[in-house]
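Number of protein chains: 2
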Amino acid sequence: MRKIKAKVEAILVADQSDTFETRRLNEVDVEFGGIRGDRHFGMTAVADSRKPMYKRGTEILNRRQISILSMEECEEIARNLGIEEVKPEWLGANILLSGVPNFTTIGIGSRLLFEDEAGLLCEGENLPCKHPGEMIEKYNPEKVGVASAFVKAANKKRGIVCMVEKQGKIKVGDEVQILINDPEKPMQ
Amino acid sequence: MRKIKAKVEAILVADQSDTFETRRLNEVDVEFGGIRGDRHFGMTAVADSRKPMYKRGTEILNRRQISILSMEECEEIARNLGIEEVKPEWLGANILLSGVPNFTTIGIGSRLLFEDEAGLLCEGENLPCKHPGEMIEKYNPEKVGVASAFVKAANKKRGIVCMVEKQGKIKVGDEVQILINDPEKPMQ
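Protein chains in written order, with my numbering: chain A, 507 to 694; chain B, 507 to 694.
Careful, some of the hints might be misleading.
Repeated chains share a single entry, so a pair holds when one copy, or any two copies, can fit it.
[As the list claims (entries may be wrong)] As a list, the in silico DSBU-like pairs of lysine-lysine whose alpha-carbon atoms are at most 35 Å apart:
no.	residue 1	residue 2
1	Lys561	Lys511
2	Lys636	Lys513
3	Lys509	Lys644
4	Lys561	Lys509
5	Lys513	Lys561
6	Lys557	Lys509
7	Lys675	Lys691
8	Lys644	Lys691
9	Lys691	Lys649
10	Lys513	Lys644
11	Lys509	Lys649
12	Lys509	Lys677
13	Lys677	Lys561
14	Lys677	Lys644
15	Lys649	Lys593
16	Lys636	Lys511
17	Lys677	Lys636
18	Lys511	Lys677
19	Lys557	Lys675
20	Lys513	Lys557
21	Lys658	Lys644
Quick caveat, the hints were computed from the structure, so don't treat them as lab data. It should be emphasised that the depicted structure is a prediction, and the values quoted were computed from it without experimental measurement.
All chains should be built: construct the whole structure from the sequences, respecting the hints.
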């Protein structure tokens, strides 16, 4: 099993009822279910269009408790779109990391272990949809077509979604140990 | 995404306090957390030796709610051990399926969808440990060395562990649709 070190650059929460845009915190306690007060908090959630195998609105296990982006991939998305920056706030992220090449591809079953013993379990990559593109366009109104270009520009760069495996505190500046799951020799 | 059909051959529960051996039921309701009354029921569990990244006894997310075996792989294990049969009861399984080649390797993130809409999420293969080997030896006392041979004989044949993604009833005889997760084009 491969290990990679990363750093927490930002922590963000989506706790406003009218938008998925996030705001920054210096630290956060993650609980089973995610970040209390965040729009994605809960051990269960309702099935949406990402889960065509279940009726829309059905109560299912919530595997999108916490979303994580890498700073380097945000910069790549910005370059792909021809804009100066893509802020993690616009993508509704909860955690921004740095230091991991191709972060989005770390793979389902990988683990992120934080200094104060919080542990997150990667549930796979976050497939880009159009809404963050619309948010990026809102902040870059002069760039025609950015909203519709986002899905392609962010392919394999839009980060991952996680469940909380172990509760604990996560702080800006934390060193993170990432354990990469090898499907041939899977971690238990 | 590849789809495979399977059939529920048996449903079993480990609800006796002194053993992981299971007993058969005709049907069962799975809830978030697993099968109520089963020794693996719960949204959380304590970290054991399978999770060396966490202190033993720490409360963590329970990804071993329900364990599933294939009939064909039980027969292969029995052949490898030179015994007549390996019963799912001896391996502490909750569900026995038939009809899926190399069932143990369906992969993390794959889904099992049952007739009455219960949905299970594969959390990966169940790595064989020595305890089921000891149980097999208890029932085959004439076969010297079976206990210690089990780990190798059951490699990649010991089935999978699952979380409940959608609650519902599972019945013996159910047709199961298995959606195989492709890590290159992951299901959400």
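Inset, instruction - Enumerate the violated hints, using their earlier numbering and listing them in ascending order. - result: 3 and 11
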